[in-house]
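Sequence order for the protein chains is S and W. The first sequence begins at 113 in our numbering and counts up one residue at a time. The second sequence begins at 7 in our numbering and counts up one residue at a time.
Simulated from the structure, these hints should not be mistaken for lab results. Treat the numbers as computed from the prediction; the structure is a model and nothing was measured. We put the beta carbon where it would ideally sit given N, CA and C, even for glycine. Please note that a few of the clues may not be correct.
Restraint-style ranges between C-beta atoms, simulated for each label pair [what the hints assert, rightly or not]: (1) S:P191 <-> W:T62: 18 to 24 Å; (2) W:S8 <-> S:N175: 48 to 54 Å; (3) W:T70 <-> S:E158: 48 to 54 Å.
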Amino acid sequence: MTHDEQPPGHAVSPEGGGTADELSCEEAARNVFEYLDGELPPGYSERVHRHVEMCQRCYPYFNFERAFLDYVHDRGMRPARSAKLEERLKRLLDDLEGREP
Amino acid sequence: MSAKHREFESEALVHMDVLYGLALRFTGGDDAAAQDLVQDTLLKAYRAWDNFESGTNCRAWLTTILRNTFINDLRRRQSRPAPVGYDEVAERSVYPQLHEEDGEGGFFDRIVDDEVIRAIEELPEDFRVPLVLADLEGIGYKEISELLEIPVGTVKSRLFRARRRLQQRLYRYAVEMGYIR
Ligand SMILES: [Zn+2]
């Protein structure tokens with residue numbers, strides 16, 4: 113996969129000369145969905161978490177993507193109503209009951 | 007009316023609207039297919055009703071039946087749809103375009119629900135199904151990979167592309183509607 117995801121306008125490591133353990137913004141952003149989905153290995157997820165928590169660019173970006181996913185879930189699960197279906201299911205149920213011993 | 011009938015009505019049939027909504031998302035807004043799917047689901051549930059433990063989560067049980075029914079049917083429809091084109095441009099986050107005026111994602115709240123539902127239902131099936139499983143039902147990558155019989159890497163990339171397409175579409179919609187500049 114070649115997701116060239118990165119927070120806006122930045123592909124550089126956080127300034128301030130991080131340790132070798134620190135992720136770049138680019139690497140953090142590449143993993144945004146896996147991180148938010150809780151699908152990263154625990155150690156690596158922790159590294160992303162540490163970066164995002166401290167990074168002025170990634171923090172709002174990750175919040176944005178999280179809000180997006182929450183939004184898709186909430187709206188996507190909206191029930192739908194159909195009088196036709198209701199009628200059809202009631203009839204089916206009556207039929208079934210008629211056939212019960 | 008039998009006790010079973012009454013019980014089924016009050017415990018299972020009350021979830022009809024949730025099931026129908028989910029069925030529409032799965033089938034890409036195909037009303038006839040969605041109705042059939044809900045009917046199949048409830049028929050299976052009715053036949054297995056004696057095995058259902060009253061008081062446990064009936065809605066979860068029903069959505070599992072619906073999901074499995076849909077996926078079995080999907081597998082049976084051997085004919086694979088033409089592979090969907092990958093448009094790299096459409097697959098970037100809309101965040102860079104938005105963060106000046108709305109970094110926290112509040113922009114989504116201004117989009118009417120119908121548009122989101124339409125956007126989900128109009129995704130190509132290969133993208134839509136993983137998205138419904140992951141983002142609506144909250145199922146993990148590994149389980150989706152098993153359900154759809156595709157590698158986890160494919161689940162990831164389809165989910166990624168599905169979400170990006172959705173975002174891009176909602177963004178374009180918001181611009182058209184004048185919600186954002
Ligand atoms: Zn960063």
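Status of the hints after comparison with the structure:
{"no.": "1", "hint": "S:P191 <-> W:T62: 18 to 24 Å", "verdict": "21 Å, holds"}
{"no.": "2", "hint": "W:S8 <-> S:N175: 48 to 54 Å", "verdict": "53 Å, holds"}
{"no.": "3", "hint": "W:T70 <-> S:E158: 48 to 54 Å", "verdict": "32 Å, violated"}
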